[in-house]
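Since the structure of chain A is already known, use the hints to place chain Y on it.
There are 2 protein chains.
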Amino acid sequence: MRSPRLLTICCLAFAAVAASALCPISARAEVVRSPDGIIEVEVDLDNSAPFYAVRRFGGEVIGRSRLGFVLTDGSQLTTNFKIVSAEHSAHDETWTQPWGEKKNIRDLHHELRLTLEQQDDQARRLVLVFRVFNDGVGFRYEFPERASLDEIAIADEVTEFVLADDADAWWIPAMEDNRYEYLYRHSPVSQLHKVHTPLTLETDSGLTICIHEAALYDYASMTLVGKVDRTLEAELVPWSDGVKVHTHTPAQTPWRTIQIVDTPGELITSYISLNLNEPNKLGDVSWIKPGKYVGVWWEMHLNTATWGSGDKHGATTANTKRFIDFASRYGFDGVLVEGWNVGWDGNWYDNGEQFSFTQPYPDFDIEELSDYARKKGVYLIGHHETAGGIDNYERQLEDAYDLYERLGVRAVKSGYVVQGQNIRRREGNKEFREWSHGQYMVRHYQHALETAAKHHIMLVVHEPVKDTGIRRTYPNMMSREGARGQEYNAWDWQGGNPPDHTTILPFTRMVSGPMDYTPGVFDLLLEKGDRPNNRINSTLAKELALYVVIYAPLQMAVDMPEVYEAHLDALKFIRDVPTDWEDTRVLHAKIGDYVTIVRQERDGEDWYLGSITDEVGRTLETPLNFLDRDRVYVAEIYRDADDADWKKNPTAYEIDKMEVDANTVLTLRLAPGGGQAIRFYPKNQE
Amino acid sequence: MRSPRLLTICCLAFAAVAASALCPISARAEVVRSPDGIIEVEVDLDNSAPFYAVRRFGGEVIGRSRLGFVLTDGSQLTTNFKIVSAEHSAHDETWTQPWGEKKNIRDLHHELRLTLEQQDDQARRLVLVFRVFNDGVGFRYEFPERASLDEIAIADEVTEFVLADDADAWWIPAMEDNRYEYLYRHSPVSQLHKVHTPLTLETDSGLTICIHEAALYDYASMTLVGKVDRTLEAELVPWSDGVKVHTHTPAQTPWRTIQIVDTPGELITSYISLNLNEPNKLGDVSWIKPGKYVGVWWEMHLNTATWGSGDKHGATTANTKRFIDFASRYGFDGVLVEGWNVGWDGNWYDNGEQFSFTQPYPDFDIEELSDYARKKGVYLIGHHETAGGIDNYERQLEDAYDLYERLGVRAVKSGYVVQGQNIRRREGNKEFREWSHGQYMVRHYQHALETAAKHHIMLVVHEPVKDTGIRRTYPNMMSREGARGQEYNAWDWQGGNPPDHTTILPFTRMVSGPMDYTPGVFDLLLEKGDRPNNRINSTLAKELALYVVIYAPLQMAVDMPEVYEAHLDALKFIRDVPTDWEDTRVLHAKIGDYVTIVRQERDGEDWYLGSITDEVGRTLETPLNFLDRDRVYVAEIYRDADDADWKKNPTAYEIDKMEVDANTVLTLRLAPGGGQAIRFYPKNQE
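As you go down the protein sequences, you meet chains A and Y in turn.
Quick note on numbering: this note's numbering labels position 279 of the first sequence as 279, and the sequence is numbered without any gaps.
Quick note on numbering: this note's numbering labels position 231 of the second sequence as 1231, and the sequence is numbered without any gaps.
One chain only, chain A, in its complex shape (with noise of 0.2 angstroms):
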């Protein structure tokens, strides 16, 4: 019989190790604290496979989710992992944006690299760095060279979310098609099926996270497939035969990116995405200027022109002269055209090999245009629609934008409509379909981003992969649609955007980027287009609110000539407001329902604020601290009339001034389906 004595060690001894395997950070943990020592990672292995956690104030945000990769030969990157080693290391930078949303962007974080290797005869290793930011995590895995890892295949990527709460969930569908465009939807985070970043969520606990990704290349983008459990597994784009990735080291992957703030007003001036992106690499970018354009384009969606050719033809001579004319006039420097090249006519959607990307319409005279354009002070931005016809294109892209450079078109809108697997791959004599956001298709637009730079050209892309702040590395990357936009107003067949989409927008899409919405339709009963039951969900005053709310680089100015014309004194918010930005601050926000950003103009003085609701009214306190507070400013008030409303009076405006100062307490009021837009300016400037 064994002494009571002896029994009793062996207890704790067990008890001790028990305890370890418990405890959520063991001795041997790597933690890795933000800067303000709030949010906290832990990255460790568990029975050998690599694991993170992510509590902020000490409370789990992110439970013990699972890291690493199944490759196709059947091998893992997922256990019978060791800790070769692991750096920390701290980074603090402010680095100037070229253009945005803010001038100055402060890098602060501190950085885990942590070396895996595999036991086992091969010795396969994986890094993975984590950052942490005093708003979130980023972290990427990178696999070095070595002589048992050289060409990769990925069959899958296993990395894991697992939220510690059921939380509420702003997302779009990652359906077969592939798309952006859906409405967001919201509901726990236990019922999702599959859905695109970036994932916005609300938490029972207050906070507001966004799960995305940086710095997507040369890889497949990423969606998220929910489990009742509340975890959120990646899964990865995959090429037409199934493999997510091809890569041969060193390689590595996007970074995924974890938001965590208090409030979603915190997520639309969270950096984290463009810190995580590598420093400008087009040298002197001093080409690469942000403006605002009109264009043809609008007409088509009132179906009173057409991209193709004929009676209706949209792309005329005459018709851009128009265009151009209204430019110089109004001071928007960019005017774009749709349908300007061969190939719109006949079945295009479903064969976008028949596009030209050099030879005009005969009744769009190309030169003559650049030439008249360029007296008037403004520039062309030309128009590339692919049509999934990414082989077409890349033959073409060369002298495609040769001829466009040499023109002095100084942006290109392109434009990708078909969608899902339906983008046709050649090699040899076989023929492949591909998924637009799989590898082949993020290599493509950023083969056409560099061919762009080549050519000093800026770049607009319609039916995107998603943004993931290259542009901080390639900024002529300018804004990207990737999302319901304007024209879904104006296809009755789709239903519109009711009235919430731009209150959710900003805190969803907007995250990842820049967006092209094409804002500003005055004539918001379509009275100008033949489809009567068409309308824009908006008002007049929300219309312009949306400038200053939805970011881009470029914006356009989306309606007709005569439109703008016939509503001059509400036109000049769109000629005054900046497409450049000192600093951007956001005073309300609740996602869904409403958001009031002010922004104020790079480099001047002048601050603006767009205000917009969802179909309901509401009046929202605004203090003016943001100003100067040794200044008198001038308010230039765009706002809903009081008997305004989206439904039954969306275009009756006021525009007010008065003299504000930085104690002045703004009440906006927003009818239903409304909004405010308000310049401010020092008196002085008068």
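It is possible that part of the hints are untrue.
What the hints assert, rightly or not - Computed spacing ranges between beta-carbons, pair by pair:
#, chain 1, residue 1, chain 2, residue 2, range
1, A, R575, Y, V1225, 53 to 63 angstroms
2, A, E60, Y, D1168, 17 to 27 angstroms
3, Y, E1527, A, E60, 42 to 52 angstroms
4, Y, D1168, A, K454, 47 to 57 angstroms
5, Y, E1654, A, R629, 51 to 61 angstroms
6, A, K648, Y, S1048, 25 to 35 angstroms
7, Y, A1029, A, K648, 15 to 25 angstroms
8, Y, R1629, A, D218, 51 to 61 angstroms
Read the hints as simulated data drawn from the structure, not as lab findings.
Bear in mind the structure is a predicted one, so any value in this text is a computation, not a measurement.
C-beta: ideal position from N, C-alpha, C; glycine also.
For chain Y alone, coordinates are given in the frame of chain A:
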């Protein structure tokens, strides 16, 4: 065969009738709008039955809701009405509170008086009075003198509140025990059973609504019964015989109030309830003075002293002197003494008749202590616990207040710890059991208040009937309990108040008026007590913040002198903080998560900030734009230490001093379960 033409005419006529029945505003409907035109109340008859509906920005907030009464004789005042007259008026007045959370209050409203008459021989009349403010609606019934309606016994008030939206309700149950001392819960309004008011609702559309009553006199208090169709029905607390209210014409009901605001914070600064009460009826109220107090009380909850006589008796002459000395040394105005009077021995809880309100225990020399206090510049605060023995208390009321007045006792805390249908009322030989919130007790509370006023004594009522703003009319009605206060933290069998409790109170209980929560425990682990499982679920900094967050004109510092003397640096905030304010503003507000309130000292320059959070740590960006722009201030910051945590490290606090001005933006870092308190004073005052 009729002509097709005639048929058409008939159809149109029918359609017109149908439209009129469906249309929410018929031609006859009386509509009264808020002064800013945003809220609109429709009052009308539907088949001779009165109803009202409330819209805001044209959107329905309260759908068609019934109005009227059923009387105990079987007659009804719910239908068979015609409209006799409709009078509209406008009102705009600013009045001054003798003390309060805001000095000057504007009463700006539009009024509709609609006189209804029943279409029968009796021709009984009912007047509906609606007052519409920019932040909500109040309405009441008036019963004019009428030969056919003299004595009234109300069987049922049929007032309804039909919520347009299945709003999230923050509620406490109206149970058999009739207490208000429950933790708040929240659930959709369609799932409510029977709840107390104030009932706070957050709608899907983003509005915050609070339903309550104002000016409750000689009437039963109102509870609300929820139906699955989102209708809340008024249910009055009855007399023991089931009759709800006995009255005779002319009479009027309390006001039913519906506050409707865009953000939860605006509920805190909505003064509808005060505006619906009559002005001060007490004349010169210079004897009413807000202040702070300490006292013989907390030690009874710690179980180191007793209310009753014996070795541990708390209210001894010596112990009271200790508190008087402490109060005098540190600038407190009053010293509360509970357990001073004969009656606390034996089973007092079930025998409220045994209390004497004039005879002190022999070891409590009330005359000597009154002298001692006076010489030390403080006053005693008396205490009257009735334990439901209302007859006994009312018999002694005059003598009790007379004694206190003679001794210089300037405030009395009363208690009615026995609640529910447990109030003994005798009529001759018969005994009845009355409800603690029915008309009988409403009359008693008022009688006690007016008796106190006659003797120039301020009243703090525990286990009160709810606050309905009568402090405007009787300004000696200082504060009430009427929710779970600090003492629940000392009772481990009650589980304590979880950290979110005080983040819910400002938006629920506090909407009704000041609360005697009794904050300020520094010994949060209750190490002075003998109940090792008890603890305060707070941090020390949060306890300080409660002095700003939870308004009370007579505010207690609840802990023991020796505890405070060990933390004189933190005590300084309690010594400094006023209890009477020039103005109140809400900087952050999320019900159940966090709240930040700033208040300006009445007739002074200083501002005080209190910010608290629930169990989740947070950082809150806080612009100080409320400060005078032309001054520099010193901020004395009492904050959670970086490693503070309500569970693990509650007493870790830091005190910082820094210069700030109106342009400063502070980041408040609140520990889990923590808070922050700041005094701002002009720099030249140093």
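>> Checking each numbered hint in turn, tell me which of them this model violates, lowest number first.
In response: Failing hints, ascending: 3, 5.
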